[in-house]
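**Q** Sequence:
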Amino acid sequence: MTKFELIGTLCLISSIALVSSSDTFSIQGRVYCDTCRVGFETNITEYISGAKVKVECTHFTTNKVKHYNEGVTDSTGSYKINVVDGHEDEICEVVLVNSSLENCKEIEIGRDRAQVLLANDGGISGKARHANSLGFLRNEPLPSCAKLLKEYYGLGEEE
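Numbered per mature numbering (1 follows the signal peptide of the UniProt record, and there is no 0), the sequence shown spans residues -21 to -1, 1 to 138.
Accuracy of the hints is not assured; some may be wrong.
[As the list claims (entries may be wrong)] Label-pair ranges, simulated between beta-carbon atoms:
(1) THR41 <-> ILE103: 22 to 30 Å
(2) SER123 <-> HIS38: 44 to 52 Å
(3) TYR47 <-> LYS129: 39 to 47 Å
(4) PRO122 <-> ASP2: 44 to 52 Å
(5) ASN118 <-> GLY89: 39 to 47 Å
(6) LYS129 <-> ASN48: 38 to 46 Å
[To be verified] Pairs of lysine-lysine, DSBU-like flavour, derived with a Cα cap of 35 Å:
(7) LYS33 <-> LYS43
(8) LYS84 <-> LYS43
(9) LYS126 <-> LYS84
(10) LYS43 <-> LYS59
(11) LYS43 <-> LYS126
(12) LYS45 <-> LYS31
(13) LYS45 <-> LYS59
(14) LYS31 <-> LYS43
(15) LYS31 <-> LYS106
(16) LYS45 <-> LYS84
(17) LYS129 <-> LYS45
(18) LYS126 <-> LYS45
(19) LYS84 <-> LYS129
(20) LYS59 <-> LYS31
(21) LYS59 <-> LYS106
(22) LYS59 <-> LYS33
(23) LYS45 <-> LYS33
(24) LYS106 <-> LYS84
(25) LYS31 <-> LYS84
(26) LYS106 <-> LYS129
(27) LYS106 <-> LYS33
(28) LYS106 <-> LYS43
(29) LYS106 <-> LYS45
Don't read these hints as lab results, they were simulated from the structure. In this text, a Cβ means the ideal position worked out from N, Cα and C, and glycines have one as well.
Kindly generate the complete structure, drawing on both the sequences and the hints.
**A** So this is what it looks like as structure tokens:
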């Protein structure tokens, strides 16, 4: 093999490696238990290990599911799901599937999904996508929530 052929082969292998690694998006996010049932994360929020989430992409006009992939949260309540590129004509969302906590399984509409852009022509550089946190509701608020909410909203303070 001549030098030219060797260099050409190396260039070809390098370009194939670049294409295969760059055609996958990495979706990252967290799943939490809304311990106060207030609709947002607080400093006593519990992140859920072992929660299941899915990435679902539906076509703009037909609403047919074109892609589906599941993931599970780690010990910090974080997940990372890889999705192959090619979703320019689709709306993709990360959606809650189920919680591993018996006392925190209720799904509330609005915090059960987060839209993510999985297209190269959307103005976002790179392949990492960060989804908003998704939350399950605890069956009953923690006793410490009343005090926490007073601190958050300044209730009971004299002016």
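**Q** Run every hint past the structure and note whether it holds.
**A** Going down the list of hints, with the structure as the test:
At about 25 Å, the beta-carbon gap between THR41 and ILE103 stays in the expected band of 22 to 30 Å. Between SER123 and HIS38 the Cβ separation comes to about 46 Å, which falls inside the hinted range of 44 to 52 Å. Distance hint for TYR47 and LYS129: a CB-CB separation of about 43 Å, consistent with the stated range 39 to 47 Å. Range check, PRO122 to ASP2: about 50 Å between beta-carbon atoms, so the 44 to 52 Å window is met.
In this structure the supplied range 39 to 47 Å is violated for ASN118 paired with GLY89, their Cβ-Cβ distance being about 19 Å. Distance hint check: the CB atoms of LYS129 and ASN48 are about 42 Å apart, consistent with the given range 38 to 46 Å. For the proposed pair LYS33 and LYS43, the alpha carbon gap of about 16 Å is at most 35 Å, so the pair holds. A threshold of 35 Å between alpha carbons decides the hint, and for LYS84 with LYS43 the separation of about 27 Å falls inside it, so the pair holds.
Distance restraint check for LYS126 and LYS84: the Cα-Cα separation of roughly 24 Å lies within the 35 Å cut-off, and the hinted pair is therefore satisfied. Only pairs whose Cα atoms come within 35 Å are accepted, and LYS43 paired with LYS59 is accepted, the gap being roughly 24 Å. Using a Cα cut-off of 35 Å, the hinted pair LYS43 and LYS126 is violated, with the two alpha carbons roughly 46 Å apart. In summary, the hint linking LYS45 to LYS31 is supported, as the alpha carbons are separated by about 20 Å, within the 35 Å threshold.
As the CA atoms of LYS45 and LYS59 are separated by approximately 20 Å, the hinted pair is consistent with the 35 Å bound. In summary, the hint linking LYS31 to LYS43 is supported, as the alpha carbons are separated by about 22 Å, within the 35 Å threshold. Pair hint LYS31 plus LYS106 holds up; C-alpha atoms about 22 Å apart against a cutoff of 35 Å. The suggested pairing of LYS45 with LYS84 holds, with an alpha-carbon distance near 27 Å, which does not exceed 35 Å.
With a C-alpha separation of about 46 Å, the suggested pair LYS129 and LYS45 falls outside the 35 Å cut-off, and the hint is violated. Proposed proximity of LYS126 and LYS45 is contradicted: the alpha carbons are some 46 Å apart, above 35 Å. Distance hint between LYS84 and LYS129 is fulfilled; the C-alpha atoms sit about 26 Å from each other, no more than 35 Å. In summary, the hint linking LYS59 to LYS31 is supported, as the alpha carbons are separated by about 11 Å, within the 35 Å threshold.
Distance check on the hinted pair: LYS59 and LYS106 sit about 12 Å apart at the alpha-carbon level, within 35 Å; holds. Under the criterion of a C-alpha separation no larger than 35 Å, the hint pairing LYS59 with LYS33 is consistent with the structure, at around 11 Å. Using a Cα cut-off of 35 Å, the hinted pair LYS45 and LYS33 holds, with the two alpha carbons roughly 13 Å apart. Between the alpha carbons of LYS106 and LYS84 the distance comes to roughly 31 Å, so the proposed pair stays at or under 35 Å and holds.
Of the pairs offered as hints, the one joining LYS31 and LYS84 holds, with about 11 Å between alpha carbons and a cut-off of 35 Å not exceeded. For the proposed pair LYS106 and LYS129, the alpha carbon gap of about 41 Å is over 35 Å, so the pair is violated. A threshold of 35 Å between alpha carbons decides the hint, and for LYS106 with LYS33 the separation of about 18 Å falls inside it, so the pair holds. For the suggested pair LYS106 and LYS43, the alpha carbons sit about 24 Å apart, so the restraint of at most 35 Å is met.
Of the supplied pair hints, the one linking LYS106 and LYS45 holds, its CA atoms being roughly 20 Å apart against a limit of 35 Å.
Against the hints set out earlier in the document, violations occur for numbers 5, 11, 17, 18, 26.
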